[in-house]
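Chains as they are written, first to last, in full-length UniProt numbering: chain A, 1 to 128; chain B, 1 to 128.
Rather than coming from a laboratory, the hints here were simulated on the basis of the structure.
Computed from a prediction, not measured in an experiment: that's the story for all the values here.
Heads up, a few of these hints could be off.
Remember, identical chains collapse to one label, so a pair may be satisfied in a single copy or spanning two.
Using 27 Å as the maximum straight-line C-alpha spacing, the simulated BS3-like pairs for lysine-lysine come out as follows [claimed, not checked]: (1) K80 <-> K53; (2) K116 <-> K80; (3) K113 <-> K85; (4) K116 <-> K14; (5) K80 <-> K14; (6) K72 <-> K54; (7) K62 <-> K116.
Number of protein chains: 2
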Amino acid sequence: MTKVKEQSTRNQNKGISELSCPITYVMNKIGGNWKATILYYLMSGPKRYSELKKLIPAITEKMLAQHLKQLKEDNLVFKKEEQLKPPITIYSLTPAADELRPILMAMADWAIKDNKRVQDLMTEPIEK
Amino acid sequence: MTKVKEQSTRNQNKGISELSCPITYVMNKIGGNWKATILYYLMSGPKRYSELKKLIPAITEKMLAQHLKQLKEDNLVFKKEEQLKPPITIYSLTPAADELRPILMAMADWAIKDNKRVQDLMTEPIEK
DNA sequence: CAGAATCCTATACGATACTG
DNA sequence: CAGTATCGTATAGGATTCTG
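Make a model of the complete structure from these sequences and hints.
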């Protein structure tokens, strides 16, 4: 659960840019390799920890737990725990995250389109 | 201009997720602290290298140059060089990046809204 | 099941100096 | 002006083990 040196130049820059640039603000919240992905999968409905793990096989336990915690702190996911044996934990989107829904959808659409565009470029006939 | 070890688990995971998850695909293209920001500033029109540097004071030369290069390789920016003394370089958005415009705008809007929401939470009266 | 703790590596990023 | 090169540090992320 690595700690962060708040005084590092890197973090200072993050802070400064976040104040002056809304895009940076968003990136600080859903950037990284996993946070947006987690939210994306939660968009189809609340999920258990283990379900998320199954949906995103490439993620490690550490990253999943860590990012879920951060998303919770940023008011983007709710966490509901049933203290059973074995325990059950359900994660779901907050209203704030729900407003990201059209954005993430649009990003997904763009990805499909862009990927097709790249494929087309790569399979272009060599000869004129 | 640090090289990347293509075989690292981290990179493998990036690749795997990119294939199965459109969001990861987008994040690999505009993620990180600076790429989306650069695109955002280019949305208001073509800019010179030095103009971008001025618009994003917190970015270092290295990051700006490096990310511009990657954005170019990803077909998100055009680079037009005038071989003068001193040289002039103009960066502008490609059609692919232009399709990201509504998405980045929506992200910016969300940022403003979310930031306000967070501020409100923090200034909530302590007493019931 | 849902995670926390520990340890480790790769990479992202910053600072600075240099160049056509 | 528009970069590149080199070096150093901090963080992101992975592997593994442990626990209520």
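Results of checking the hints against the structure:
no.: 1; hint: K80 <-> K53; in the structure: within (17 Å within a copy, 45 Å between copies)
no.: 2; hint: K116 <-> K80; in the structure: between (39 Å within a copy, 26 Å between copies)
no.: 3; hint: K113 <-> K85; in the structure: neither (46 Å within a copy, 40 Å between copies)
no.: 4; hint: K116 <-> K14; in the structure: between (33 Å within a copy, 19 Å between copies)
no.: 5; hint: K80 <-> K14; in the structure: neither (31 Å within a copy, 30 Å between copies)
no.: 6; hint: K72 <-> K54; in the structure: within (20 Å within a copy, 35 Å between copies)
no.: 7; hint: K62 <-> K116; in the structure: neither (33 Å within a copy, 31 Å between copies)
The structure shown violates the earlier hints numbered 3, 5, 7.
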